[in-house]
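Visitor: Below are the chains, spelled out letter by letter.
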Amino acid sequence: MERKALDYVALNQGNANLTELYRAHIGDWPKFFKMDTLSKAGFVASELLFKKIGEKRPEGDGFIQNRAIVLFGSTASLCADRNYQETIQDKDNYYPSPALFVYTLPNIVTGEIAIRNHYRGETSFYVLEEPDAAQMAFHLACAFQDRVTDSILAGWVDSSRNDDFQVFMTLINRADAADTEWLASQLQLMINNLNK
Amino acid sequence: MDRVIRCIADNVVSPLGLDSRSNYDSVKAGRSGLARYESMANITTPFVLSRVDRKVIDDLCGRLGIKGNYTFFEKFLLCSSLQAVRDSGIDASSDRVLFIVSTTKGNVSLLGQPEDGIDKERVLLAKAARQVTNYFGNPNNPIVVCNACISGVCAQIEAMRALRSGRYDYAVVIGADEQSPFIISGFLSFKAISDEPCRPFDKDRKGLNLGECAATVVLAASDVRKSGWELVCGAIRNDANHISGPSRTGEGSYLCLMEVLKECRRQELAFVNVHGTATAYNDEMESIALYRAGLIDVPVTGLKGYYGHTMGAAGIMESILSMYAVRDNTVLATRGYNEQGTTYPVSVSNVTRECKGSEFIKLLSGFGGSNAALLYRFEE
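First to last, the sequence lines map onto chains A and B.
With the working numbering applied, the first sequence corresponds to residues 604 to 799, in that order.
With the working numbering applied, the second sequence corresponds to residues 109 to 488, in that order.
Hints were generated in silico from the structure; no laboratory data involved.
You may find that some hints are simply not true.
[Said to hold, decoys possible] With the C-beta cut set under 8 Å, the calculated list includes, among others, these residues of chain B facing chain A:
| no. | residue |
| --- | --- |
| 1 | Asn150 |
| 2 | Gly176 |
| 3 | Phe180 |
| 4 | Leu218 |
| 5 | Gly220 |
| 6 | Pro222 |
| 7 | Ile226 |
| 8 | Leu232 |
| 9 | Arg269 |
| 10 | Phe290 |
| 11 | Ser297 |
| 12 | Ala343 |
| 13 | Leu369 |
| 14 | Cys372 |
| 15 | Ser478 |
[Stated by the list, open to error] So the derived list for chain B, only partly shown, Cβ under 7 Å to chain A, looks like this:
| no. | residue |
| --- | --- |
| 16 | Ser201 |
| 17 | Ser273 |
| 18 | Val406 |
[Said to hold, decoys possible] Listed next, the stretches of chain B that the computed footprint assigns to chain A, with coverage defined by at least 3 CB atoms under 8 Å from CB atoms of chain A:
| no. | stretch |
| --- | --- |
| 19 | 205-217 |
| 20 | 254-263 |
| 21 | 324-330 |
| 22 | 357-364 |
Just so we're clear, the structure is a prediction, and the values are computed from it rather than from any experiment.
Note that the Cβ used here is the ideal one computed from N, Cα and C, for glycine as well.
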């Protein structure tokens with residue numbers, strides 16, 4: 604059976620300005636301005652994906668547990684790590700900042716998206732050497748072993764400098780992941796678009 | 109039937125010992141690795157830390173025959189995993205073996221202090237993990253679980269899933285973190301660190317201590333149930349509340365507990381090994397989650413008073429010590445606890461207690477609103 608290609612959003616520093624995208628398409632989440640580049644990239648890509656596929660957030664105080672967020676990357680929090688390191692490197696200029704330190708954990712981006720969308724499902728961040736479609740598809744399929752999880756906001760997100768990022772986000776359901784080879788071929792298309 | 113996931117070997121390297129047994133015996137005897145430091149690098153605020161002597165690790169690597177240009181973090185991973193792999197008897201160079209590394213900051217100290225002969229790109233977590241798979245001649249791409257403080261439980265859950273999928277027969281799950289000025293200054297900036305030994309669940313708790321540990325479990329999949337430790341199930345849930353503070357109602361932690369309780373035989377539940385960092389918010393949150401999950405009467409125990417918060421290693425080391433404790437019919441004393449300090453009176457004690465049962469729950473929470481729990485069971 605021919606399966607419908609997965610919708611996705613891919614952005615990088617060469618083709619997207621995260622602040623402009625935020626102002627043009629989002630605008631109602633001032634926490635955006637506190638985020639580091641990794642979280643901004645993941646947050647904006649997720650918002651644009653939901654707009655693209657026409658998905659609405661849960662209304663009011665509702666929370667959902669059956670949507671997981673599983674993200675991959677190779678640099679993890681390297682950008683935030685470098686920013687924070689600068690604040691502790693010199694004795695005469697030592698001012699460690701909690702606001703910077705909190706972003707030195709790459710899974711913070713999964714938390715930012717979970718808060719925005721009221722997701723109480725699984726959130727995971729995995730670090731790989733490079734974007735590997737087969738490896739990602741395998742671990743995404745594994746995530747559906749949690750029987751509560753019906754769909755996964757999945758993606759790749761990297762940032763090694765403040766002005767550098769590559770991200771893609773997609774939404775996969777249980778049936779998509781059951782055919783791991785097909786899922787890998789879809790992820791490969793997104794990986795190919797990471798740097799375009 | 110799902111494939112059965114068994115723990116066939118384990119190791120803990122810490123200031124309290126270089127294998128799991130010696131760590132367990134040290135903790136049962138009440139020893140702690142925590143010590144006070146007045147300063148470190150540019151840090152001038154006093155703090156309490158459990159730190160591994162670098163020379164002890166170098167000597168251990170020498171005895172194990174680990175040669176080559178490795179950072180402290182990589183040596184830490186190697187000296188724990190090599191001991192566990194040898195004990196397991198598996199061929200770690202097989203493509204049926206998956207390596208999973210649990211860490212929060214890996215080689216981050218290379219940013220402030222580059223080392224001769226160490227490629228700068230080893231600050232990337234998967235490049236550091238690659239040092240381990242290369243050492244064992246394992247052909248698979250390594251994967252690093254980087255979910256803040258819950259990484260060690262998540263890594264075991266991921267291993268369980270990878271094994272159940274049928275793709276792999278064994279998983280070597282290694283957790284470690286180096287406590288560099290990077291991490292210590294960061295937690296100090298959060299005002300989360302106590303300048304005295306931590307007091308989990310106590311009314312006068314003042315915050316956490318950090319600690320160093322490397323720990324490994326070797327998990328194996330089989331189609332039949334055999335005697336030994338079985339990783340039954342696990343769950344990861346987000347609070348969706350705040351990136352640097354736990355939910356006031358313990359939401360994610362509660363959901364994790366309810367998930368693993370589906371598989372738990374309640375009369376067999378010996379204890380819950382909690383996160384118990386001794387911060388005001390964490391311990392209060394855990395007491396609420398335990399209460400809501402109907403576990404207020406189940407013995408609760410926390411190990412941070414012996415080891416501090418060992419971050420990437422915590423979920424693995426604390427699971428291993430819990431296995432030894434269950435087999436010893438023992439609820440380990442929660443060192444540092446004195447007087448009830450949470451809204452709900454969980455069953456915590458600063459003396460060693462006897463217990464019955466063949467199961468335990470390991471619970472963790474961390475930054476990013478993340479929570480995780482897993483259930484282990486000993487099959488006779």
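Visitor: Decide, hint by hint, whether the structure agrees.
Guide: Hints, verified against the model:
1. Asn150: Holds. Min distance 5 Å.
2. Gly176: 19 Å, violated
3. Phe180: This hint is violated: phenylalanine 180 of chain B lies away from chain A, its Cβ roughly 17 Å from the closest one there, beyond 8 Å.
4. Leu218: Violated, about 10 Å.
5. Gly220: Where the cut-off is 8 Å and the nearest Cβ of chain A is about 6 Å from glycine 220 of chain B, the hint holds.
6. Pro222: 12 Å, violated
7. Ile226: 16 Å, violated
8. Leu232: 6 Å, holds
9. Arg269: 4 Å, holds
10. Phe290: Given a least distance of 7 Å, the restraint on phenylalanine 290 of chain B holds.
11. Ser297: 4 Å, holds
12. Ala343: At 7 Å from the nearest chain A Cβ, alanine 343 of chain B passes the 8 Å test, so the hint holds.
13. Leu369: Result: violated, 14 Å to nearest chain A Cβ.
14. Cys372: This interface hint is violated because 16 Å lies over the 8 Å limit.
15. Ser478: Holds, about 6 Å.
16. Ser201: This hint is violated: serine 201 of chain B lies away from chain A, its Cβ roughly 19 Å from the closest one there, beyond 7 Å.
17. Ser273: 6 Å, holds
18. Val406: Cβ of valine 406 of chain B sits 23 Å from chain A, so the hint is violated.
19. 205-217: holds (count 3)
20. 254-263: Since three or more residues must qualify, the claim that chain A covers the stretch 254-263 of chain B holds, with 4 doing so at under 8 Å.
21. 324-330: Answer violated; 0 residues pass the 8 Å Cβ test.
22. 357-364: holds (count 3)
Figure legend: structure checked against the earlier numbered hints; hints not met, in rising order: 2, 3, 4, 6, 7, 13, 14, 16, 18, 21.
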